[in-house]
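**Q** As a plain string of letters, each chain reads:
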Amino acid sequence: MLQLDPKKLRKRAWAERRFRLYGIMALIFAGSVLMLLVSTIVSSGHSAFFTTELDLEIELDPETMGISAPYTKDSLMQGSYYTTIKKGLYRLFPEVTGRGERRELVKILSPGAELELRKYLIENPGAIGKRITLEVPVSSDFDQLYKGNLPRTGKHTRLSQAQMAWFDTLVADGRIRYNFNPGFLLGADSRYPELAGIGGAVAGSFHALLVCFLLSFPLGIAAAVYLEEFARDTRLTRIIEANINNLAAVPSVIFGLLGLAVMLNFFGLPRGTPLVGGMVLALMTLPTIIISCRSSLRAVSPGIRQGALAMGASPIQVTFHQVLPAAMPGTLTGTIIGLAQALGETAPLLMIGMVAFIANVPATPLDSAAALPVQIYLWAESAERGFVEKTAAAIMVIMTFLILMNLIAVIIRSKTQTKVE
Amino acid sequence: MTFPQLTVLFFILVATSGVLGWRRIRVPHVAGGPRPRSRAVYHGVYNALWCALPMLLVVFAWLAVEPWIIQPLVLNELALSGVDPQQINAFRFLEIRNIAEGVLPSEFVEQPVLHAVERYQELRRVSGFSLTLLFISAGVAGLFLGYRRIGHLFPAREKVELFVRGFLLVSSSIAILTTISIVLALAFETLRFFQHVPLSEFLFGLKWSPQIAIRADQVGSSGAFGAVPLFTGTLLIAFIAMVVAVPVGLFSAIYLAEYARPAVRHVLKPLLEILAGIPTVVYGFFAALTVAPMIVELGAGIGLEASSESALAAGLVMGIMIIPFISSLSDDVINAVPYSLRDGSLAMGATRSETIRKVILPAALPGIAGALLLAVSRAIGETMIVVMAAGLAANLTANPLESVTTVTTQIVTILVGDQEFDSPKTLAAFALGLTLFFVTLTLNFIALHIVRHYREQYD
Chain A
1 MLQLDPKKLR KRAWAERRFR LYGIMALIFA GSVLMLLVST IVSSGHSAFF
51 TTELDLEIEL DPETMGISAP YTKDSLMQGS YYTTIKKGLY RLFPEVTGRG
101 ERRELVKILS PGAELELRKY LIENPGAIGK RITLEVPVSS DFDQLYKGNL
151 PRTGKHTRLS QAQMAWFDTL VADGRIRYNF NPGFLLGADS RYPELAGIGG
201 AVAGSFHALL VCFLLSFPLG IAAAVYLEEF ARDTRLTRII EANINNLAAV
251 PSVIFGLLGL AVMLNFFGLP RGTPLVGGMV LALMTLPTII ISCRSSLRAV
301 SPGIRQGALA MGASPIQVTF HQVLPAAMPG TLTGTIIGLA QALGETAPLL
351 MIGMVAFIAN VPATPLDSAA ALPVQIYLWA ESAERGFVEK TAAAIMVIMT
401 FLILMNLIAV IIRSKTQTKV E
Chain B
1 MTFPQLTVLF FILVATSGVL GWRRIRVPHV AGGPRPRSRA VYHGVYNALW
51 CALPMLLVVF AWLAVEPWII QPLVLNELAL SGVDPQQINA FRFLEIRNIA
101 EGVLPSEFVE QPVLHAVERY QELRRVSGFS LTLLFISAGV AGLFLGYRRI
151 GHLFPAREKV ELFVRGFLLV SSSIAILTTI SIVLALAFET LRFFQHVPLS
201 EFLFGLKWSP QIAIRADQVG SSGAFGAVPL FTGTLLIAFI AMVVAVPVGL
251 FSAIYLAEYA RPAVRHVLKP LLEILAGIPT VVYGFFAALT VAPMIVELGA
301 GIGLEASSES ALAAGLVMGI MIIPFISSLS DDVINAVPYS LRDGSLAMGA
351 TRSETIRKVI LPAALPGIAG ALLLAVSRAI GETMIVVMAA GLAANLTANP
401 LESVTTVTTQ IVTILVGDQE FDSPKTLAAF ALGLTLFFVT LTLNFIALHI
451 VRHYREQYD
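One line per chain: the protein sequences are A and B, in this order. For what it's worth, the numbering used here labels the leading residue of the first sequence as 1, then goes sequentially. For what it's worth, the numbering used here labels the leading residue of the second sequence as 1, then goes sequentially.
Treat the hints with care, since some could be wrong.
[Claimed, not checked] Straight-line Cα separation of at most 20 Å, SDA-like style, residue types lysine to any residue; simulated pairs:
{"id": "1", "chain 1": "A", "residue 1": "Lys7", "chain 2": "B", "residue 2": "Thr351"}
{"id": "2", "chain 1": "B", "residue 1": "Lys425", "chain 2": "A", "residue 2": "Ala231"}
{"id": "3", "chain 1": "A", "residue 1": "Lys8", "chain 2": "B", "residue 2": "Gly349"}
{"id": "4", "chain 1": "B", "residue 1": "Lys358", "chain 2": "A", "residue 2": "Glu16"}
{"id": "5", "chain 1": "A", "residue 1": "Lys86", "chain 2": "A", "residue 2": "Gly129"}
{"id": "6", "chain 1": "A", "residue 1": "Lys7", "chain 2": "B", "residue 2": "Ala350"}
Bear in mind the hints are in silico, worked out from the structure with no lab data behind them. The structure presented is a predicted model; accordingly, all values stated were derived computationally and were not measured.
Model the full assembly from the supplied sequences, consistent with the hints where possible.
**A** Okay, here's the thing in structure tokens:
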């Protein structure tokens with residue numbers, strides 16, 4: 001007869017519950033860290049999609065602006081508009097007359113205000129000589145103040161009480177607008193946080209990923225086809241396989257060193273371009289593509305192979321006309337996941353020089369450019385407070401791209417799964 | 001001709017060649033001639049290959065050889081204009097090239113250098129012209145040679161397939177080429193590093209400060225290259241990361257594999273995978289913006305002074321990054337344990353947790369050990385988190401609240417921005433890289449070996 005000690009049983013039941021609880025706690029920990037991360041990023045980044053602008057009445061006097069007729073684009077590019085804009089601001093505060101005070105006052109304006117006015121004049125040369133109202137950006141500190149990111153008191157205050165009072169007057173007068181900021185998504189980097197955009201970095205990442213895809217996709221498929229369909233089990237084949245597995249686990253800095261020593265210094269390819277960045281990323285993506293393509297090739301039913309062979313097709317024809325198309329969805333899934341990883345890679349791009357400050361959007365893979373993750377790194381390292389929200393917003397953008405790419409991969413996978421069934 | 005023009009020309013020539021080859025077989029066949037041995041399209045491809053390969057060969061040969069011819073000629077020009085031979089080196093050539101291409105301004109350059117710049121531009125013109133000539137003639141010659149070979153009895157398909165097979169083999173050997181070039185590049189620069197700094201100082205020295213004077217005659221120009229503080233810093237941060245990641249990762253894996261209902265599993269597993277998909281630069285930002293200040297505050301709360309770039313912050317966040325890595329690898333390993341073991345234990349009256357602890361985990365232990373080794377190798381090689389959250393000061397300490405630096409941090413900080421090619425400081429990054437490469441390679445090798453061995457046990 002089996003004797004069960006109730007005390008022991010209770011103890012074991014408790015141990016069981018405790019163990020289960022550990023698992024739940026581990027998952028809750030991981031989940032809450034994820035929540036903390038996402039909420040930190042979203043709460044500090046969402047405001048970067050908006051910009052604070054000032055409704056400013058401007059007297060468009062051609063003499064002050066240093067321009068003369070005819071008002072073509074070229075002649076307008078030569079003008080200097082700072083004084084005109086300053087005068088518009090002085091008119092709002094007639095009581096501010098001292099030179100020192102006025103110097104403090106104009107700090108409300110961003111250097112982007114001049115660019116804004118120039119753009120307006122190029123589009124509407126007929127307005128010259130009239131008085132217009134234009135929405136011009138305010139400088140980063142006031143932008144941050146309006147968004148509530150800058151403390152009004154304490155040692156971190158960067159603005160004087162007078163400056164804040166002037167700005168509060170503008171807010172009370174209803175002259176401050178809080179607008180969507182298309183310049184953040186489309187524009188290039190800038191030294192001034194309120195003008196900086198990620199358009200240049202997105203273009204750089206796009207070019208780099210394009211180069212990466214054009215290199216790694218055909219080469220990866222070719223390597224996988226060889227290993228899966230044609231290679232005999234020789235010493236060479238085994239060495240190649242071991243190499244691919246090892247490359248998948250080599251730290252990314254090492255690839256950066258490779259790019260620097262071999263591609264830049266030995267082959268003399270242009271430094272800091274998406275071309276070289278894409279080449280380095282291609283080497284890192286190759287193992288992912290090879291591994292996924294091989295497993296999809298392995299999953300293709302042998303009936304397809306044998307049927308095609310029986311019809312008299314050569315092994316190459318069987319592979320490229322029948323087997324590879326059948327393995328394509330799985331390969332594409334793997335490729336997109338590999339490209340998503342490549343999009344997030346930072347260290348190798350830093351080392352091949354994609355860190356220079358680039359103030360325009362690159363047009364081709366041969367123009368120097370930053371990449372999205374590198375831009376995040378650069379902004380994160382920047383001391384200016386206004387870049388914190390830009391960094392978080394850039395992270396939101398890169399995460400959106402990553403989620404989209406992974407969604408596409410999931411959709412491709414689920415579609416083909418139903419087809420096979 | 002410019003690069004885009006050459007590309008267009010390339011495609012025009014190749015397309016022409018392909019169409020010519022295709023028509024040569026296609027047209028007589030339609031007219032009722034004898035049936036060709038291969039289909040017309042293979043003849044087209046065959047002819048196109050004959051045209052394309054010589055052109056590609058010419059371009060790559062030119063790219064490889066051109067600098068080796070132009071550099072001595074340009075530097076010779078400098079020597080002729082009476083520049084001190086001591087100052088003529090590869091670095092000088094880079095300067096000249098940058099001036100010629102408009103990267104550097106030419107206003108403040110001395111006369112001899114301007115001569116060299118002109119010489120460079122002239123040589124580039126000549127070289128570009130001869131390349132174009134050679135490129136076109138190679139393409140046209142290939143086109144005609146290929147065209148002469150094809151015919152009705154010519155086995156074009158077999159030839160093309162042979163080429164495709166060759167291409168496949170070459171593609172698959174790129175993995176080997178990459179590894180070889182990594183090793184060669186790192187080893188070459190590392191050897192040069194050890195000409196400046198003895199190996200024993202690098203491996204056992206306790207002081208790391210790679211500052212090298214900008215001018216050669218500056219006082220205090222020698223740096224210190226003892227890498228021990230970097231190794232200990234790396235290990236400290238990796239250790240903290242593992243302390244976080246191992247329990248969380250393992251228990252998540254156990255819960256997901258053994259307890260969770262399929263519906264729960266389907267929700268939670270992708271959530272963990274999101275953590276794995278977040279770029280490391282995002283973790284770095286999170287560590288620097290949120291976690292590090294939190295630790296400073298907590299430390300101040302209990303009377304401890306924490307550095308704002310503490311090893312703890314970097315380690316904690318790195319641990320979070322590694323959680324999904326450990327959990328998904330261990331999940332696979334736990335699922336691979338045969339159900340007969342599990343069922344046997346449960347049938348004997350063991351509770352689930354007893355089964356897991358006494359049966360499944362021992363059976364899965366080698367696989368889990370392999371997974372942990374892979375995770376350690378990942379932590380050691382992780383770069384962006386430590387670059388952004390760990391410090392630059394090479395402190396030899398085991399206190400997680402102090403700032404330490406790591407191997408990867410130093411590699412990146414040394415190499416970001418402009419660097420001088422021959423200074424020990426730059427070369428030190430390659431020595432660190434080689435060390436890192438071998439350590440991670442060894443860890444991966446052992447881990448993969450263990451995992452494979454383990455898998456064979458149950459297959």
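**Q** All hints, please: hold or fail.
**A** Checked hints:
A hinted pair counts as satisfied when its Cα atoms are at most 20 Å apart, and Lys7(A) with Thr351(B) qualifies at roughly 15 Å. Pair hint Lys425(B) plus Ala231(A) does not hold up; C-alpha atoms about 45 Å apart against a cutoff of 20 Å. The suggested pairing of Lys8(A) with Gly349(B) holds, with an alpha-carbon distance near 13 Å, which does not exceed 20 Å. Distance restraint check for Lys358(B) and Glu16(A): the Cα-Cα separation of roughly 13 Å lies within the 20 Å cut-off, and the hinted pair is therefore satisfied.
Simply put, Lys86(A) and Gly129(A) have alpha-carbon atoms about 17 Å apart, close enough for the 20 Å limit, and the pair holds. Simply put, Lys7(A) and Ala350(B) have alpha-carbon atoms about 16 Å apart, close enough for the 20 Å limit, and the pair holds.
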